[in-house]
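Student: Using our numbering, you'd call the opening residue of the sequence shown number 7 and step up by one each time.
One or more hints might be untrue.
Below, simulated DSSO-like cross-link-like pairs (lysine-lysine); rule was C-alpha separation at most 30 Å, straight line [what the hints assert, rightly or not]: (1) K132 to K11; (2) K207 to K11; (3) K130 to K11; (4) K69 to K130; (5) K106 to K132; (6) K69 to K205.
Don't read these hints as lab results, they were simulated from the structure.
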Amino acid sequence: MANDKSVFQLLSRGILSENPIFKLALSMCPAVGISTTVMNGILLGIAVFFVQVFSSVTISCFKNYIHPRIRIPSYTLTIATWVTVIDLVLAAYMPMAYAKMGIFVKLIVAFAIITMRLEMFACKEKVTDSFWDAVGMGLGFMVGMVVIGAFRELFGSGMILGYDVLGYKPLLFFILPSAGFFVVGLMMAFFNWIEVVYKRKKGVTA
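Produce the complete structure using the sequences and hints provided.
Tutor: Quick look at the structure:
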């Protein structure tokens, strides 16, 4: 299957129309559990971005040598390899951040968005297209984590990136784990509304 999308379309698809969190509802565990601050969103977003890009490029490079019967184990092994790399790097150079999200970094191995892109795209397309698709999906996940983190940090603690913005703590509820589902639901509704408005302006019917 030859890809017929431009680089811009591959990038925008992952960020907007097929955003892993807000549109596809994949990898919801970190979106709910760790996205309490912008910094947490950035750090885990970078880790997922790294694993997504390098896993997609690796599978695309070796797709002709992977037997169909072992493709899923091959994906898992590839993802686990790159997760190990980023896990060791974070532990060595960013120990404070790693202490907060170490378990979530290890769980990247099981993130559905990465396995899905390897199966749906990287194993069928050339390396350059797989790279840009992975970049788009990785950025989409990072954007989702940062947006959720900013919302929860601001309305939960009155701060952004640790800086006091509001001068008080509006609703502590937003920094609790249960609030993650609430915020993700709001963001999903917002993204769907944006899509509906865009289609109406373009004269596209559902």
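Student: Now look at each hint and say whether the structure bears it out.
Tutor: Results for each hint:
| no. | hint | result |
| --- | --- | --- |
| 1 | K132 to K11 | 13 Å, holds |
| 2 | K207 to K11 | 22 Å, holds |
| 3 | K130 to K11 | 14 Å, holds |
| 4 | K69 to K130 | 7 Å, holds |
| 5 | K106 to K132 | 37 Å, violated |
| 6 | K69 to K205 | 36 Å, violated |
Of the numbered hints stated above, those contradicted by the structure are hints 5, 6, listed in ascending order.
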